[in-house]
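**Student:** Using the sequences and the accompanying hints, generate a full structural model.
Protein chains in written order, with this note's numbering: chain Z, 1 to 211; chain G, 1 to 295; chain W, 1 to 656.
FYI, nobody ran anything at the bench for these hints, they're computed from the structure. All values derive from a computational prediction rather than experimental measurement. Heads up, a few of these hints could be off.
[Stated by the list, open to error] Each computed DSSO-like pair below joins lysine-lysine, with the alpha-carbon atoms no more than 27 angstroms apart: (1) W/Lys579 / G/Lys288; (2) G/Lys246 / G/Lys156; (3) Z/Lys31 / W/Lys223; (4) Z/Lys31 / W/Lys587; (5) W/Lys213 / Z/Lys31; (6) W/Lys179 / G/Lys264; (7) W/Lys579 / G/Lys264; (8) Z/Lys31 / W/Lys579; (9) G/Lys156 / G/Lys264; (10) Z/Lys31 / W/Lys637.
[To be verified] Only some residues are given here: those of chain W computed to face chain G with a beta carbon under 10 angstroms: (11) Leu175; (12) Phe304; (13) Gly338; (14) Val405; (15) Leu464; (16) Thr591.
By construction, the Cβ of each residue, glycine as well, lies at the ideal position given by its N, Cα and C atoms.
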Amino acid sequence: MSKSLTIHHQDTLEDHPDTRSPDTHQDPFAKTVFGFWLYLMTDCLLFATLFCTFAVLHNSTYGGPSARILFHLPTVFGETMILLFSSFICGCSMLYALRNAKTKVMLCLIVTFLLGVSFLFIELSEFTDIVQGGHSWQDSAFLSSYFTLVGTHGLHITFGMLWIAVMIAQIYRLGVTTNTFRRLAVLNMFWHFLDVVWIFIFTFVYLMGVI
Amino acid sequence: MKGVIKPVRFMLVCTCLLILLILVMQPLQILYFREKIAVLFPKGLIAFEERNLLFFIQILMLLVVIPVYILTFIFSWIYRADNPKGRYDPDLVDNVLAEVIWWGLPLFLTIIIGVVTWVKTHQLDPYKPIPSSRAEKTIQVVALQWKWLFIYPEEKIATLNFVQFPKDTPIHFEITADAPMNSFWIPHLGGQIYAMPNMRTQLHLIADTEGDFRGSSANLSGEGFAGMTFVTRSSSDEDYQKWIDKAKQATKKLDLASYDELAKPSQNNPVEIFQLADATLFEQIVNKYMHPHSH
Amino acid sequence: MFGRLTQEAFVHEDSQNMAVLSMLLGGIMLMALLFYLKRWRWLWEEWITTVDHKKIGIMYIVVVLIMFMKGFGDAIMMRIQQLFSVGDSHGFLSAGHFQEVFSAHGTTMIFFVGMGVVFGLMNLIIPLQIGARDVAFPFLNAVSFWLFTAAAMLTLVSLAMGKFSTAGWLAYAPLSSLKYSPDEGVDYWIWTVQIAGVGSTLGGINFLATILKMRCPGMQLMKMPIFVWSSLCALVLILLAFPILTATLFMLTLDRYLDMHFFTVDGGGNYMMYVNLIWAWGHPEVYILILPIFGIFSEVVPTFSEKRLFGYVSMVWALIIIAFLSFIVWLHHFFTMGASPNINAFFAITTMLIAIPTGVKIFNWLFTKFRGRVLFTSPMLWFFAFLLNFTVAGMTGILLSAPPVDFQVHNSLFLIAHFHGMVIGGVLFGFFAGFTYWFPKFTGFMLDEKLNRYAFWCWMAGFLLAFMPLYMLGFMGATRRLDHYAAETGWHPLFAIAAFGAFIILCGASIQLFGLFWSIKHRKKLWDHTGGNPWNGRTLEWSIPSPPPIYNFALIPVVDQIDPVWAQRDQRQDLSERKYEDIYLPKNTATGFYIGLWSLIFGIAMVWYMWWLAIISFIAILVLMIMRLSGDDPHDKITATQVQADELAHRRGFQI
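**Tutor:** Structure (structure tokens):
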């Protein structure tokens with residue numbers, strides 16, 4: 001591991017006792033990251049349940065339109081590229097954090113945030129188009145499960161963006177410290193996770209729906 | 001050490017007595033209630049076969065449960081702390097043979113029970129017709145709030161909370177619901193199956209004696225659920241024909257309009273008999289919620 | 001402004017009004033007592049704002065006891081109703097009220113007694129048994145507890161305001177859909193369970209991280225106490241199963257609030273999917289309840305047989321296999337829903353397979369007693385009761401696992417007798433054993449043994465009388481959840497015996513409650529003078545004083561085998577040679593309590609459609625979270641000299 005990483009999450013073991021834990025030989029960074037992996041596992045299962053439900057209900061169109069008619073692949077492709085790129089930029093923020101480059105970290109986070117905004121904007125326009133075309137989530141099981149699965153992902157993105165905003169504020173106020181570095185690492189995990197879920201949505205909802 | 005129970009014997013004896021009391025109660029209950037114990041005193045082939053499987057599994061399980069009980073009592077007695085005759089061997093923490101026995105024997109028993117269960121599950125599939133020399137009769141069943149509607153498609157009649165058919169005749173029930181999930185159950189004749197909206201489940205039963213049997217819903221479906229009982233009457237061929245002829249004279253007619261009235265929530269409905277004015281009524285009920293404009 | 005809340009929500013039947021009144025009176029009396037004893041500050045500083053796992057564990061148990069009284073009250077009401085509601089009489093409860101009672105009974109017992117016991121004991125015991133000073137995320141621990149309590153309070157609020165669900169403890173669709181349950185009942189149920197579920201998931205993350213990351217040096221996985229192993233398996237189940245519940249309830253919420261069609265009858269909804277999903281969570285849930293109980297017995301039986309646990313490795317593998325298999329049996333809860341015989345038979349076989357490792361555990365416990373020196377303290381009495389009752393209930397489980405047999409007993413009182421044998425004979429008796437066993441560790445004094453024994457007899461006799469007749473009732477065609485039945489069914493005498501049994505259980509529970517207060521009053525007489533190990537236990541929690549200091553271990557222990565305290569029995573270390581370190585403890589915080597409070601308000605707001613209040617409380621929770629997660633994690637320091645002084649004082653007190 002690079003020297004900076006060592007400083008940021010193991011900065012104290014013998015010389016400066018780590019007061020985040022009653023047992024000074026514990027490693028809070030590793031503990032928090034592990035705990036967050038566990039949380040991501042539960043989130044994964046939550047999405048898995050929604051995916052399963054979509055799989056069961058995707059043909060229950062109740063006389064209404066099916067995926068083939070409703071989905072517009074170029075739009076979805078645009079959303080995917082935005083999200084992938086934002087994941088890359090978010091990862092860059094970690095690299096800059098390792099080098100203690102406070103301004104560059106904030107810049108990356110701001111760009112990630114803006115990309116998130118564009119993603120949500122496109123997604124909301126997509127939803128609005130479908131609803132204004134006369135097909136809302138109240139019309140069929142297929143539409144209910146589609147809006148819920150994709151909407152839940154969008155909600156997670158929204159929370160992620162709130163988190164990014166808070167991190168920008170923290171980095172601005174405190175700079176890159178042991179605490180903010182740890183939180184940045186965990187935010188990255190979350191953001192990449194959402195990207196992975198989107199890949200599944202892209203494949204199983206949009207691509208397979210349209211084929 | 002504080003709190004050691006001195007009269008262990010007292011505890012073991014009292015527990016023994018309690019268990020014996022419960023054991024004695026079982027045959028007493030059977031003697032007292034007899035035929036009312038529908039599952040143990042079946043009146044039809046399906047219920048009879050289901051009961052036999054119950055007995056088979058029960059006996060095999062006793063091969064495990066009885067030794068556990070015996071060991072529980074014996075070990076508690078012999079190895080109680082103040083018994084000098086109980087050998088104390090604190091290093092006895094492992095024994096490969098013992099593990100092999102109590103992993104292996106239950107596995108062996110499970111395989112036997114499993115194989116028999118597999119076979120019986122296929123034989124007693126509710127969707128499987130009952131082989132018989134007599135022709136099968138179809139009766140359609142609709143679970144409503146909170147009553148049971150029976151439709152006889154061949155005889156063109158319908159009944160509420162009452163179903164009659166000739167004995168020794170395989171009955172093919174086609175079951176649906178216009179209500180929350182219910183369960184169609186006549187314990188004397190056989191096991192139950194869910195009655196569900198938008199779905200069509202099937203149950204094959206046969207009665208081998210004449211008599212009246214209690215039927216009910218076995219799944220919570222709302223406020224009036226406890227009142228969803230119906231009478232099942234198995235009669236001779238002549239009595240059945242007489243009843244059908246009388247039913248065909250019923251004043252009330254059942255078509256889609258009167259069905260919609262009937263389907264409104266009501267509780268503890270008395271028995272009613274209708275002429276079936278619409279032969280496709282059951283199909284319409286099954287498809288009631290399938291399309292946006294079908295109801 | 002008040003959404004759909006009207007004055008009518010406060011109008012109830014007499015029996016319910018009495019319950020609400022006694023609840024309010026009890027609350028007022030408690031508050032008056034706190035004022036009189038001037039203990040508000042103490043309550044706030046020592047308990048409500050604590051992040052100490054031991055105090056949180058005790059608070060879990062307190063909530064469990066309160067909710068148990070509610071759930072048991074529901075049970076008594078049901079027994080009385082079914083005793084009198086036969087033929088022309090319709091008992092004292094209306095059908096709707098009876099349905100509320102059994103729905104609340106199941107929900108309370110599973111989520112607030114069962115899960116409360118699991119998390120309460122995990123909080124109390126796990127850090128101590130692995131030689132840690134706290135859990136992985138102490139603040140998250142507090143949040144989990146307050147979410148749990150908020151959900152419990154929401155159930156109690158539903159007593160006073162509006163009605164609870166009448167759709168059973170699992171609220172099957174389509175009965176729970178808007179079409180058949182338009183009023184607020186199912187919504188109360190949804191938010192209660194959803195909030196409790198989030199608390200459980202967070203707790204699961206916390207304790208899994210604790211066990212896997214904070215064991216003391218030398219404690220490899222195969223050297224952990226079996227209680228920790230059983231908790232580990234239960235925690236994996238929690239993490240994998242609860243998200244399914246969260247998602248399913250979320251979809252039911254969308255159906256009810258936004259008119260979606262996941263589980264509706266029309267619109268292409270598939271309510272059978274609800275049944276599958278809810279049981280995909282539900283079956284692992286019952287194993288989450290029982291696995292830690294198996295762990296308790298694996299601690300109690302060796303201690304009171306003065307012999308190590310027989311077959312440690314076998315026991316560990318049995319736990320793992322049970323946990324794994326619990327994910328592939330869920331369909332046995334609805335064999336009667338019309339699946340093909342291949343599918344039904346597959347799930348029958350997987351269900352039967354689970355019995356094998358369970359039986360292995362029973363044999364291993366029995367052979368721990370074999371050639372041991374068995375001391376019949378009350379924890380061992382509870383183990384004895386468990387053996388007799390749980391085995392029979394497990395046997396009836398195998399009967400139920402054969403689809404053709406299940407067709408005849410599904411949803412009947414036979415099923416009720418089976419699962420109550422598992423949860424009372426298993427979970428509850430195990431909890432009583434663990435409660436009695438570990439009580440002296442956290443209080444410094446014992447529970448009165450004689451009263452415990454009387455309680456054991458009441459429960460043993462009462463349980464048999466209350467539930468054995470139910471097996472026969474099931475065979476007689478008696479379905480569950482019936483508020484009334486005809487006299488011709490012949491069921492009445494058996495319901496009378498069951499009511500009598502319930503009354504005896506009531507005596508037993510009352511003796512236990514009385515015994516708790518009696519023991520507190522006479523604690524000087526019952527004081528533990530052994531310096532923290534009254535039962536001669538083998539695991540690390542018995543190596544520290546009773547009650548433990550806030551930091552648990554003055555020195556993090558180093559172990560090299562199972563049952564470390566017995567291994568070190570003959571070793572005496574010179575105290576002055578030990579090198580103490582400064583200990584840092586997380587500061588108390590009120591944030592957890594406030595998150596719980598706002599969650600309660602959020603739940604009430606969502607139930608009654610008070611959207612403005614829901615938005616405010618949701619934002620409040622977010623703000624609290626952000627403030628906490630932007631802060632610095634303040635800590636208190638206990639200096640090494642202070643720790644050493646505490647240790648020496650304690651040892652001097654017991655002349656060890």
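**Student:** Next step is simple, just say for each hint if it's right about the structure.
**Tutor:** Hint check results:
no., hint, verdict
1, W/Lys579 / G/Lys288, "violated, 79 angstroms"
2, G/Lys246 / G/Lys156, "holds, 12 angstroms"
3, Z/Lys31 / W/Lys223, "holds, 21 angstroms"
4, Z/Lys31 / W/Lys587, "holds, 19 angstroms"
5, W/Lys213 / Z/Lys31, "holds, 7 angstroms"
6, W/Lys179 / G/Lys264, "holds, 13 angstroms"
7, W/Lys579 / G/Lys264, "violated, 80 angstroms"
8, Z/Lys31 / W/Lys579, "holds, 26 angstroms"
9, G/Lys156 / G/Lys264, "holds, 23 angstroms"
10, Z/Lys31 / W/Lys637, "holds, 21 angstroms"
11, Leu175, "holds, 4 angstroms"
12, Phe304, "holds, 9 angstroms"
13, Gly338, "holds, 5 angstroms"
14, Val405, "holds, 5 angstroms"
15, Leu464, "holds, 5 angstroms"
16, Thr591, "violated, 41 angstroms"
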